[in-house]
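With these hints in hand, go ahead and build the complete structure from the sequences.
Chains A and U supply the protein sequences, listed in that same order.
Note that my numbering gives residue 221 to position 221 of the first sequence, counting from 1, and the numbers run on in steps of one.
Quick note, my numbering runs 313 ahead of the 1-based positions in the second sequence.
A few of these clues could be false.
What the hints assert, rightly or not - Straight-line Cα separation of at most 25 Å, DMTMM-like style, residue types lysine to aspartate or glutamate; simulated pairs: (1) U:Lys497 with A:Asp227; (2) A:Lys126 with A:Asp116; (3) U:Lys497 with A:Asp93.
Since the hints were made in silico from the structure, they are not lab data.
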Amino acid sequence: MASAIRVRELRMTYPGRPPVEAVRGLDLDVAAGSCFGLLGPNGAGKTTTIEILEGLLEPTAGDVEVLGMRWDRDARRLRERIGVTLQETKFTDKLSVRETLELFRSFFAQGVSAQDAIGLVGLGEKSASHVVTLSGGQRQRLAVACALVGGPELLFLDEPTTGLDPQSRRQLWDVVRSLRERGKTILLTTHYMDEAEKLCDAIAIVDHGRVIAQGTPTELIRSLGGDHVVEFAFGDGAASEESLATLRALPAVRSARADGDGYQLTVAEPHVALPAVLELAKARGATLSRLSTRHASLEDVFVALTGRHLRDE
Amino acid sequence: MSESSGFVELYKMRMREFLREPAVLFWVFGFPILLAVGLGAAFREKPVESTAVAILDVAGSDELAAELSAAEGFRVQELAEDDAARALRMGRVALVVRPGAELEYRFDATNPEGVLARARVDDALQRAAGRADPRAHRETLVTEPGSRYVDFLIPGLLGMNILSGAMYGVGFALVEMRSRRLLKRLAATPMKRSHFLGATIAARMSVVFVEVGLMLGFGWLAFGMVFHGSVLTALLLCLLGAASFSGLGLLVATRTKKVEVVSGLINLVSLPMFVVSGVFFSSERFPEVIQPLVGALPLTALIDALRAVLLEGADLASQLPRVLILLAWGGISFVLALRLFRWS
Ligand SMILES: Nc1ncnc2c1ncn2[C@@H]1O[C@H](COP(=O)(O)OP(=O)(O)O)[C@@H](O)[C@H]1O
Ligand SMILES: [Mg+2]
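The following block contains the structure:
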């Protein structure tokens with residue numbers, strides 16, 4: 001498949017005392033027509049990376065190709081073909097939704113009408129409303145509409161649902177899905193693992209300015225060695241000095257780690273692992289204060305890779 | 314889409330933002346007019362009012378009071394000694410007269426009103442007693458529009474308004490847009506930077522157009538201002554001033570993301586000019602040594618040129634040095650600002 005974005009050895013150091021190495025050797029390949037997610041905690045370097053790809057920041061080093069073009073040579077042509085939402089933009093309060101879109105539309109040689117863009121993000125009823133009257137979710141959809149009026153083939157969405165309520169998030173997800181179905185290439189950043197998992201065909205997990213894992217959500221979860229997570233804790237402190245080695249030796253357990261007052265196991269087959277855990281408790285004469293199993297998520301992948309949670313801020 | 318539509322839409326955005334903000338409308342259009350009304354009224358050159366005189370309530374007071382009242386321009390009261398002394402002290406009367414064969418005038422010689430009252434009362438009483446003036450005379454009263462304070466003030470306020478309008482309409486507005494990240498968002502589109510800049514300045518010019526009409530129209534209607542020179546030339550000067558000050562506005566807005574910072578910068582640039590450039594009183598009152606500096610300031614150039622045209626009937630050609638000063642300030646600040654300007 002053709003590559004919409006190709007990044008090699010990208011580095012970005014913000015000057016200052018001390019300088020901040022926001023991106024430290026990052027590689028990316030985004031296939032045309034896919035929805036690609038940069039998933040990582042706050043400060044991982046997602047915004048810096050995406051703004052370099054949008055031609056808004058000059059990287060310190062590295063090689064960036066967008067739609068087969070380069071910012072230093074083809075800036076004007078590239079701007080015509082990409083759509084952007086920044087992490088936070090406040091549009092002008094006293095302009096209506098439609099006026100805002102007509103403004104953005106006027107910058108592009110080609111594209112869709114303001115009215116069509118409004119339809120694409122489901123803001124039809126708000127077309128004549130001033131921006132100041134919009135809810136957070138509606139403003140974010142307006143931002144996406146502004147990214148769409150130029151009829152871009154490549155869309156950059158930086159944290160499109162951060163700070164939104166669950167219903168607004170789902171509405172925005174629907175918008176993103178419909179755009180993907182229309183064949184647009186989408187690069188989005190998020191620190192919500194459920195968002196990345198639900199929306200993205202491919203994900204790069206970013207931490208400290210590097211890609212620490214890359215693949216489809218399924219591939220990434222499978223890399224844990226098991227699809228399931230078993231979490232439990234012993235009831236009395238005395239019996240809780242279980243060595244991780246003992247736990248790892250249990251049948252079907254792929255990995256084990258301490259987690260707060262208890263343990264977290266990655267297991268391939270819960271119906272094999274669970275009886276073994278119960279057996280162990282019985283042998284130790286301990287009760288289980290909690291026990292749960294669930295499907296493994298990208299959060300678990302991140303924890304397995306870094307020992308931290310995505311939202312440990 | 315036509316080539317200019319980006320420009321047109323940006324212009325519409327700026328104008329809508331402006332016209333839909335009542336507070337901004339007030340500060341730009343209402344406030345200067347209120348200021349002109351207030352200051353015009355406070356400094357109105359009124360004809361001297363009637364003079365308040367007390368006559369001591371002793372023998373002969375009624376005759377004196379009758380004689381003074383018959384003459385025009387006196388408010389006369391008969392008071393006992395104590396009350397008269399108090400009235401004089403409090404400034405309720407300017408003069409106390411003691412009737413008698415020899416009249417006694419009591420007044421404060423350091424108070425012009427008292428001196429004036431003494432002269433007028435004496436004059437009226439001597440005439441009433443039959444004094445004839447040996448020299449014939451007649452009086453011509455001068456209240457020529459163009460020499461009053463309000464005539465002087467309106468061009469000053471206009472200049473001040475154009476400067477602060479450019480500072481807020483360009484400088485503050487751009488920083489505010491940067492703080493909202495809207496500038497960065499616009500920079501991510503194929504928008505032509507020249508369209509953005511051009512539209513910002515064109516919107517400012519449009520507002521100045523209205524401002525000039527409003528201020529001069531108001532001066533004409535409410536104060537009976539007479540314009541000795543071409544109003545069109547004055548408008549041209551105002552537009553040039555607005556363009557020049559837009560350069561300054563752009564310059565203060567080149568880098569900062571904080572509206573507080575740009576507010577400070579705006580004050581730093583405009584307050585000194587409001588003081589020394591002769592908005593409220595002639596800048597020639599400042600010491601000789603700083604005159605070259607004062608004269609080189611763009612606001613001084615604009616206000617002096619406006620006064621020359623409106624009050625003295627000067628033509629545009631005679632204002633060339635001042636026009637050049639405005640062009641120089643505008644040109645230099647534009648070049649600098651465009652080099653330093655950040656979109657994010
Ligand atoms: N303009 C800047 N100047 C200095 N440091 C910055 C700047 N922008 C971001 N950073 C730093 O770079 C790192 C990465 O930031 P960012 O790209 O915004 O991460 P993310 O979007 O993943 O939260 C952070 O440590 C942040 O503090
Ligand atoms: Mg970010």
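Verification of the supplied hints:
1. U:Lys497 with A:Asp227: violated (43 Å)
2. A:Lys126 with A:Asp116: Between Lys126 (chain A) and Asp116 (chain A) the Cα gap is close to 13 Å, so the pair holds against 25 Å.
3. U:Lys497 with A:Asp93: holds (17 Å)
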